[in-house]
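Student: Sequence:
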Amino acid sequence: MNQLLRWGLLGLLLGLGALWFLSRPQPLPASALPEHKPDLANGEVLFHAAGCGSCHGQPDGERARGLLLSGGLVMTTPAGRFHVPNISPHETAGIGAWSALDFVNAMHRGLSPDGRHYYPAFPYTSYQQMTLPDLLDLKAYLDQLPPSAQVVPEHELDFPWQLHRGIGLWKRLFLGAEPALAELPGAEPQDLLLRGRYLVEGPGHCGACHTPRTWLLAEDPARPLQGAPAADGKGRVPGISAEQLADWSVDDLSYYFEAGVDPDFDVVGGSMVAVQENLARLPARDRQAIALYLKTPR
Numbered sequence: 030m031n032q033l034l035r036w037g038l039l040g041l042l043l044g045l046g047a048l049w050f051l052s053r054p055q056p057l058p059a060s061a062l063p064e065h066k067p068d069l070a071n072g073e074v075l076f077h078a079a080g081c082g083s084c085h086g087q088p089d090g091e092r093a094r095g096l097l098l099s100g101g102l103v104m105t106t107p108a109g110r111f112h113v114p115n116i117s118p119h120e121t122a123g124i125g126a127w128s129a130l131d132f133v134n135a136m137h138r139g140l141s142p143d144g145r146h147y148y149p150a151f152p153y154t155s156y157q158q159m160t161l162p163d164l165l166d167l168k169a170y171l172d173q174l175p176p177s178a179q180v181v182p183e184h185e186l187d188f189p190w191q192l193h194r195g196i197g198l199w200k201r202l203f204l205g206a207e208p209a210l211a212e213l214p215g216a217e218p219q220d221l222l223l224r225g226r227y228l229v230e231g232p233g234h235c236g237a238c239h240t241p242r243t244w245l246l247a248e249d250p251a252r253p254l255q256g257a258p259a260a261d262g263k264g265r266v267p268g269i270s271a272e273q274l275a276d277w278s279v280d281d282l283s284y285y286f287e288a289g290v291d292p293d294f295d296v297v298g299g300s301m302v303a304v305q306e307n308l309a310r311l312p313a314r315d316r317q318a319i320a321l322y323l324k325t326p327r
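To convert a position in the sequence shown, counted from 1, into my numbering, add 29.
FYI, nobody ran anything at the bench for these hints, they're computed from the structure.
Source: prediction; values computed, not measured.
We put the beta carbon where it would ideally sit given N, CA and C, even for glycine.
Careful: at least some of the hints might be erroneous.
[Claimed, not checked] Label-pair restraints from in silico Cβ distances:
(1) PRO107 - LEU38: 17 to 27 Å
(2) LEU38 - ALA61: 17 to 27 Å
(3) ASP249 - LEU69: 29 to 39 Å
(4) ALA70 - LEU43: 47 to 57 Å
Based on the provided sequences and hints, a complete structural model is requested.
Tutor: Here you go:
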């Protein structure tokens with residue numbers, strides 16, 4: 030019996046050690062960052078494409094443009110209550126003290142500057158698709174926005190979701206080792222289609238709301254953009270797959286993104302208002318690219 034107990038304890042320790050190893054943070058090295066001169070104009074486009082102000086912005090001050098990124102929005106999910114963080118350039122309350130590598134590791138690897146795993150309520154599985162130059166442009170744009178000293182409370186999560194280390198195992202399943210997308214050059218319309226894919230699956234993180242989740246709270250790859258229950262359990266987010274948009278033309282979608290009016294002359298409402306306002310600030314070519322990609326069957 031004593032021998033069985035010893036073997037059992039050894040197996041338990043080995044198993045725990047393996048789980049600890051597999052769930053370890055895996056940041057990018059400093060050598061991964063390219064030499065790059067930030068492009069603020071591109072950073073602004075990416076800021077609106079990613080909808081940063083919609084989640085992290087405040088209902089006052091710079092609300093109209095979502096530029097005061099104080100955080101504080103509460104997201105109620107099956108895992109608990111997430112408090113959206115302050116990502117203004119404030120040195121202590123926000124991300125003003127972050128290096129470029131800190132920012133890239135947050136966006137690509139879902140890691141805080143001190144190596145903790147971020148919860149995937151922060152859609153880094155989408156942001157991982159962004160190119161490194163684009164991320165550096167976005168950081169440069171965020172760095173010149175107004176700072177906010179607002180301190181946001183910690184998340185209030187249920188067991189086992191409050192165990193940060195366990196998110197490392199989740200990432201093993203659902204976060205790739207390398208970005209899968211990039212904007213590629215080429216002749217129209219293929220170039221436009223690739224740009225649309227990049228914006229939808231990368232900074233736009235459309236699947237975060239429009240794709241249903243599995244029981245592990247990952248986006249279901251078998252049902253992309255086919256609609257999902259709202260994260261707060263109130264209502265449903267509509268599908269935006271090509272099949273579900275069959276009655277819309279590419280121009281219909283582009284105009285909806287620009288003006289917020291659908292083909293039946295109904296005006297955008299609900300949580301889509303903030304999304305449409307962001308899309309309206311994109312270049313017309315990007316709105317057309319997103320519409321073309323959404324209308325293209327998978």
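Student: Could you check the hint for me, namely that PRO107 and LEU38 are 17 to 27 Å apart, CB to CB?
Tutor: 35 Å, violated
Student: When you take the CB atoms of ASP249 and LEU69, is the distance between them in 29 to 39 Å?
Tutor: 37 Å, holds
Student: Go ahead and decide if the range 17 to 27 Å is satisfied by the Cβ distance of LEU38 to ALA61.
Tutor: 40 Å, violated
Student: Mind checking the hinted window 47 to 57 Å against the Cβ distance between ALA70 and LEU43?
Tutor: 54 Å, holds
Hint violations for this structure: numbers 1, 2, all remaining hints satisfied.
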